[in-house]
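Asks: Here's the letter readout for the chains.
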Amino acid sequence: MLPVLNLYTCKEAMERLNDYVDRELSPREMQLVKRHLKICHECTKRFAFEEDVIRQVRSKLESLQEPEGLMARLSQKIYEDKGD
Amino acid sequence: MNSTSTPTSMQQQFEALLGANLRVAYNVARRLTGNAEDAEDLIQEASLQAYRSFKTFEQGTHFRAWFLKIITNLFINRYRKKQREPELTDLDDLSEPTLYSRARRSGASCKGADPAAQVIGKLEADQIEATINALPVEFRLVSILYFVDEMSYQEISDIVGCPIGTVRSRLHRARKALQNRLWELVEPQMQSGLKNARGGK
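Sequence order for the protein chains is S and A. Under our numbering, residues 1 to 84 are what the first sequence spells out, in order. Under our numbering, residues 1001 to 1201 are what the second sequence spells out, in order.
If you're looking for bench data, these hints aren't it; they were derived computationally from the structure. In this text, all values refer to a predicted model and were calculated from it rather than measured experimentally. Virtual Cβ for every residue (Gly too), placed ideally from N, Cα, C. It cannot be assumed that every hint is accurate.
Here are the computed lysine-lysine pairs in the PhoX-like style, where the Cα-Cα straight-line distance is at most 25 angstroms [unchecked claim]:
no.	chain 1	residue 1	chain 2	residue 2
1	S	K45	A	K1069
2	S	K45	A	K1122
3	S	K60	S	K45
4	S	K77	A	K1069
5	A	K1122	A	K1176
6	S	K77	A	K1055
7	S	K34	S	K11
Partial selection, computed: residues in chain S whose CB lies under 7 angstroms from chain A [stated by the list, open to error]:
no.	residue
8	L17
9	N18
10	E24
11	S26
12	L32
13	R46
14	D52
15	Q56
16	S63
17	L74
18	K77
19	I78
20	D81
The shape of chain A in the complex, shown without the other chains (with noise of 0.2 angstroms):
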């Protein structure tokens, strides 16, 4: 920050950063607690606690990078525990046939053009959410600053503060273990919708 900023100046440029930032933000806070309100409770203690180191803050460096940090730290550090886990050797077996090839058992795959959208296409949007809240934190983190702030690996580890290959390993298993969860939610209207491809014959 420029030291010659008045307090009144400084507030106006740190809310200018956040107000930018602020969906993104909301949208990670929202997805890592599950809630509104808590992510909303998560937004205001990050955005004081933002507000109070912003002197440190170099102008032209990353805010939203910086700000997402201050995010998921409060949330590792307060909010977690208040949430019961799940614990890490939770997550599914790597070894289990991936989406891929359980769709092809399906048939979805020679259906269409598009075997994913025939897949994925059948959960709603809450569905999906869930499935990434039930992972374990560290892995939810990754998942989330993924698919909704589509971050690169570097960018994740630079937040989560953990080196890229956990970044990367995580991610993997993570999505692997959100596919084996999404394909146990989309099998029975799979296997519904073939059953009654073969008897419509």
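Bound conformation, chain S alone (with noise of 0.2 angstroms):
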């Protein structure tokens, strides 16, 4: 009989970091993680410092303007491809 798995050690949890950090886990595979993470404060700052890269590498790459009359260029060449 398989053992019943309440809660995950830290190699477990660390496995499932980039999937955890992703929101990629099962539902029930979360919920061992964050168990780990209530009781492991290692792994806790672990798991919060790989969030905190993404979150910034995300704020860093900020959103670029497209270049001024884009879309009225797109418009024409759609135009023209057309062949009206």
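Both chains come to you apart, so use the hints to assemble them.
Replies: Listed below in structure tokens is the structure:
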């Protein structure tokens, strides 16, 4: 009979670090990781760091404004391409 | 598409969808190509191709994903040939210490509540962009969709046409490589800051 796993070890939690921060784990795995983080200060710091790095990188990559008049140029190209 | 649409109304419908998604598309194209001129060329080519096949586009489906897929396919097929790509094997060794462990050793995690901000905050946006652009194209592509458009693994998988497991693996490797390379950029500043802090005591 398989043991009932109610807690992850640090190793098991760390194996799920990337999927956890990307919210790509199953609900059950998310719950188990969260449960581990509640009792493990070291893993909590590690997970928070990973999430912060992603947030920091995203905030640095600000949305670029498309060049002025791009939509009008595209519209004209489409019109010409249609042969109208 | 509605088969009763006149060509003019079809163009209007297409342009309404394109206009609503142009900012995201331009950001992806700009980061894929690395410069404004090639990005506009890529968007233009993708727009023409998308419009030509707009009759096959199913109303109610995700225009943004459909259009980004055209952009990424075009980029891989055409623009990539012009660029010298790093080999996949160039990607950093995953056994290297993590950014977290390096930041901790440097003392960053002890000095404030937000150690990631202490590290990434020292970098300029163009340094981060250049680091992503230096990744091999398969890794760059998933990174751009992930960081710029905050897409899920499934959305990225639909766009790049790879199994979700491949997306996951590439993204995790790309993130690790990105962190390692960003650390190389910021390490001299971290060490210099640490020396100053010690000297000041």
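Asks: Confirm or reject each hint.
Replies: Okay, the hints, checked on the actual structure:
At roughly 37 angstroms between alpha-carbon atoms, K45 (chain S) and K1069 (chain A) are farther apart than 25 angstroms, so this suggested pair is violated. Taking the CA atoms of K45 (chain S) and K1122 (chain A), the gap is near 20 angstroms; set against the 25 angstroms cutoff, the hint holds. Of the pairs offered as hints, the one joining K60 (chain S) and K45 (chain S) holds, with about 22 angstroms between alpha carbons and a cut-off of 25 angstroms not exceeded. Distance restraint check for K77 (chain S) and K1069 (chain A): the Cα-Cα separation of roughly 20 angstroms lies within the 25 angstroms cut-off, and the hinted pair is therefore satisfied.
This hinted pair checks out: K1122 (chain A) and K1176 (chain A) have alpha carbons roughly 18 angstroms apart, not beyond 25 angstroms. Only pairs whose Cα atoms come within 25 angstroms are accepted, and K77 (chain S) paired with K1055 (chain A) is accepted, the gap being roughly 18 angstroms. For the hint pairing K34 (chain S) with K11 (chain S), the CA-to-CA distance comes to about 14 angstroms; that is within 25 angstroms, so the pair holds. Annotation: interface hint on L17 (chain S) violated; nearest CB of chain A at approximately 9 angstroms, more than 7 angstroms.
Residue-level restraint check for N18 (chain S) holds (minimum Cβ-Cβ distance to chain A is 5 angstroms; threshold 7 angstroms). Taken as an interface hint, E24 (chain S) checks out: its beta carbon lies about 5 angstroms from the nearest beta carbon of chain A, inside 7 angstroms. Because the closest C-beta pair between S26 (chain S) and chain A is about 13 angstroms apart, greater than 7 angstroms, the hint is violated. Annotation: L32 (chain S) was flagged as interfacial toward chain A, and the flag is violated, the nearest CB pair being 19 angstroms apart, outside 7 angstroms.
Of the supplied interface hints, the one on R46 (chain S) holds, with its beta-carbon coming within about 6 angstroms of a beta-carbon of chain A, less than 7 angstroms. Hint status for D52 (chain S): holds, given a least beta-carbon distance of 3 angstroms to chain A, under 7 angstroms. Interface restraint check for Q56 (chain S): the shortest CB-CB distance to chain A comes to about 4 angstroms, inside 7 angstroms, so the restraint holds. Here the hint on S63 (chain S) is kept, as its CB sits about 6 angstroms from the closest CB of chain A, short of 7 angstroms.
Because the closest C-beta pair between L74 (chain S) and chain A is about 5 angstroms apart, less than 7 angstroms, the hint holds. Residue-level restraint check for K77 (chain S) holds (minimum Cβ-Cβ distance to chain A is 6 angstroms; threshold 7 angstroms). Interface hint status for I78 (chain S): upheld, as the beta-carbon distance to the closest one in chain A is roughly 5 angstroms, under 7 angstroms. Taking 7 angstroms as the C-beta contact cut-off toward chain A, the hint placing D81 (chain S) at the interface holds, the least distance being around 5 angstroms.
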